[in-house]
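Chemist: We have chain A already, so just place chain B on it with the hints.
There are 2 protein chains.
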Amino acid sequence: MASVTRATSSVCGEFIPPPRLLLGPGPSLVHPRVLQAMGTPLLGHLDPEFLRLMNEIQAMLRRCFRTENRFTIALSGTGSAGMEALLVNLVEPGDAVIVGVTGVFGARMAAVVERCGGRPITVEAPWGRIIEPDDIRLALARSGPVKAVALVHAETSTGARQPLESIGALCRESGALFIVDAVTSLAGLPLEVDAWGIDACYSGTQKCLSCPPGLSPLTLNERALAAMRRRKTPCQSWYLDLSLVADYWEEGTRAYHHTAPISMLYGLREALRLVEEEGLEPRFARHRLQSEALTAGLATLGLSPFAQEGYRLPSLACVTLPAGIDDAAVRASLLRRFQIEIGGGLGPLRGQVWRIGLMGESARRSHVLTLLGALEELGLEQGRLAQPGAALAAAARVYAGQGEPAASPQQSARMSSERENACS
Amino acid sequence: MASVTRATSSVCGEFIPPPRLLLGPGPSLVHPRVLQAMGTPLLGHLDPEFLRLMNEIQAMLRRCFRTENRFTIALSGTGSAGMEALLVNLVEPGDAVIVGVTGVFGARMAAVVERCGGRPITVEAPWGRIIEPDDIRLALARSGPVKAVALVHAETSTGARQPLESIGALCRESGALFIVDAVTSLAGLPLEVDAWGIDACYSGTQKCLSCPPGLSPLTLNERALAAMRRRKTPCQSWYLDLSLVADYWEEGTRAYHHTAPISMLYGLREALRLVEEEGLEPRFARHRLQSEALTAGLATLGLSPFAQEGYRLPSLACVTLPAGIDDAAVRASLLRRFQIEIGGGLGPLRGQVWRIGLMGESARRSHVLTLLGALEELGLEQGRLAQPGAALAAAARVYAGQGEPAASPQQSARMSSERENACS
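Heads up: the sequence lines are chains A and B, in that order.
Going by my numbering, the first residue of the first sequence is number 1, and it counts up by one from there.
Going by my numbering, the first residue of the second sequence is number 1, and it counts up by one from there.
Chain A extracted, bound-state conformation (with noise of 0.2 Å):
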């Protein structure tokens, strides 16, 4: 008792982090810009200053949606908050949602349902790969009145990407919700909200916007908020209730409901900022390359993609490992002594894939080019491999435009100015 109060110095000292190389399914690496925004000294929540910073989140969250939704604001929670808000903001108990499962993100909004009392209805396809159109209108079809259509846009635990195009129209035609999870989508692959008629989604800061966690950008349409508003039981959640929460984000009210994460929220304007000075389609592209030279590297030795082909993320790689390679050993060397983050499968998957992130900031070729190197060494200590430099070299034929893909001319443009600037 007498060690609590003394006025000592802290059993704890100062922490020093080492160096990593963030590679894994998120947090991504984050810029030096909005490290610093992160130490910026504080304003009040209700400063006016404040409210401006608030109202230009806004704004670029709005244009990373590419949503003229007024309700786009970012949430004083993690992704899985998120998903917990539009969840239990929009389900009612009875309410039966159609959720589509094809990894751990689905099966949780599946989760998520049925503690809000609803009925979840799951549409399933074997993790890896993507859930037909088709089988969301046929459950539609055959579920009797739904409340929604909820589904994962990119399957962090699988690599897959689910196509939403023509979802939209599904969920008009039969009176349902249309509520995307697009945690490790937003700002690193095209979401179009408005255009693909999404009315609810959300997503996270620390994938594809580079930002640390705590912070779940989330937009509303009409057609969502007038669900809200038709509610006949409140919202279950006093902290999530986006229709208290409205009133702090909305100017003119502006009314206190908690105290805003003050400090995250400089680091999101400072992220969404550099996402603009950037531009959503050359980070696409550098996206998509980066994906393209390391997996053209990876599949030299051995490591092939995991998620259906034709739907594979470009901000995150989930492979399969083949035989020989030791899950938790070579995770751990590469930490160890490369410092370099990467992660392993989730669920049924665990030691059987690797989930690579290339999202924001950790999308550049000096990252793919590390990763690469560091595990063609492993592989030669370990007598996987004969010599070193068939992945590095796969990766530099895709650089050198030897290994793309078509791409229309715009695209090849924004690749080459990528190209020089890829290793920041």
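These aren't lab readings, by the way, just hints derived from the structure by calculation.
One or more hints might be untrue.
Said to hold, decoys possible - Stretch-level coverage of chain B by chain A, calculated; a stretch enters the list once three of its residues show a Cβ under 8 Å from a Cβ in chain A: (1) 12-18; (2) 31-40.
Unchecked claim - To spell it out: a stretch of chain B is covered by chain A in this simulated footprint if at least three of its residues, at any positions, have a beta carbon under 8 Å from a beta carbon of chain A; those stretches are: (3) 71-80; (4) 189-196; (5) 266-272.
To be verified - Within a straight-line C-alpha distance of at most 25 Å, the following computed SDA-like cross-link-like pairs (lysine to any residue) qualify: (6) B:Lys-232 <-> A:Ser-166; (7) B:Lys-232 <-> A:Gly-94; (8) A:Lys-232 <-> B:Arg-119; (9) B:Lys-232 <-> A:Glu-92; (10) B:Lys-232 <-> A:Ala-396; (11) A:Lys-232 <-> A:Ala-386; (12) A:Lys-232 <-> B:Ala-141.
Since the model is a prediction, treat every value here as computed from it, not as a measurement.
Backbone N, C-alpha and C define an ideal beta-carbon position, used for all residues, glycine too.
Modeler: Just chain B, lined up with the frame of chain A:
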């Protein structure tokens, strides 16, 4: 649309906040070392070095809460998320919960109990007054089986300090859990989780801990954990389900639940180190001294404490405005001309009181003097004062030991040392 995808500069310029002296009800000022920690490069949330940092935070939080509770963590949300987390995990549909309501935050607790399907039994006192332990005893005797008693230790809307010392025993006699909101008290005034028989307690980071907002330190003892394990219904929140959150914080499991807000935890670790370097008792004494100096100065300006005598928070002075002071105009002038933020009244106290926070780094002599000087200058300009100096002189008398209540020798020594270091 073209403007969205063009790789031009962002429409938002660099963010350079105006300097602000934060003397409102939170966020409080943040020490430069904590700001620096917020900008530290990231580790992954499952990195062994990050897990070690979590252990250190837990150990320091236990000392701060004065508890041996193994389950002591920092929840990924603000103080209000901590409130909801405890209630949503401990209260099941139909459960009766006695809630003390003497201001906004007691009322919020009652609202959250209702959203959990619980039945709040409110024990009220006029705002600014405390609830007498006998009223809790009476409520327990009258109410039949009660799941919990929930009280706010430091009511941020009124500046009153609710005594808690004897409530734990009453709760144990009747089999109820004792839940405490310590948002505005933790690390600013004595709080004894174990000694007072508190079963579950939550706080926020942006008050007396002087860390940016975004985390909620919380602690549960074995009695509270047993109640969680005995639940008949699943927790309605997935994000705040403490049995799942525990799997991440528990050494030995460390299972992924959601991505921890890494930078916030960096900041909290440094803020806790500063608490330990100062020591809890000297820190409490510093808060008391600055509060006494401020109160003495404000009294000369006709601003008298709102809360019941003997039960006023050292961390937050809630003072009644005399006739002739225009609440909004003076606060706007303070902010615009002096860069000082203080808080207005909430709910029925809007326009009636000011809430001046002296929490953590905000509780410094230089800040007290700066505020008093600014108030005098404004009073002079607006014709409410004939000449300045009385408020500053009253504060100076307290600092000189002429206006202090009797203190123990140990406390006096602490105060002397504080006096020397006050203007950091």
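Chemist: Each hint should be assessed against the structure and marked as holding or not.
Modeler: Verification of the supplied hints:
no.	hint	verdict
1	12-18	holds (count 4)
2	31-40	holds (count 6)
3	71-80	holds (count 5)
4	189-196	violated (count 0)
5	266-272	holds (count 5)
6	B:Lys-232 <-> A:Ser-166	violated (42 Å)
7	B:Lys-232 <-> A:Gly-94	holds (20 Å)
8	A:Lys-232 <-> B:Arg-119	holds (19 Å)
9	B:Lys-232 <-> A:Glu-92	holds (21 Å)
10	B:Lys-232 <-> A:Ala-396	violated (59 Å)
11	A:Lys-232 <-> A:Ala-386	violated (67 Å)
12	A:Lys-232 <-> B:Ala-141	violated (36 Å)
Checked against the numbered hints given earlier, this structure breaks hints 4, 6, 10, 11 and 12; the rest are met.
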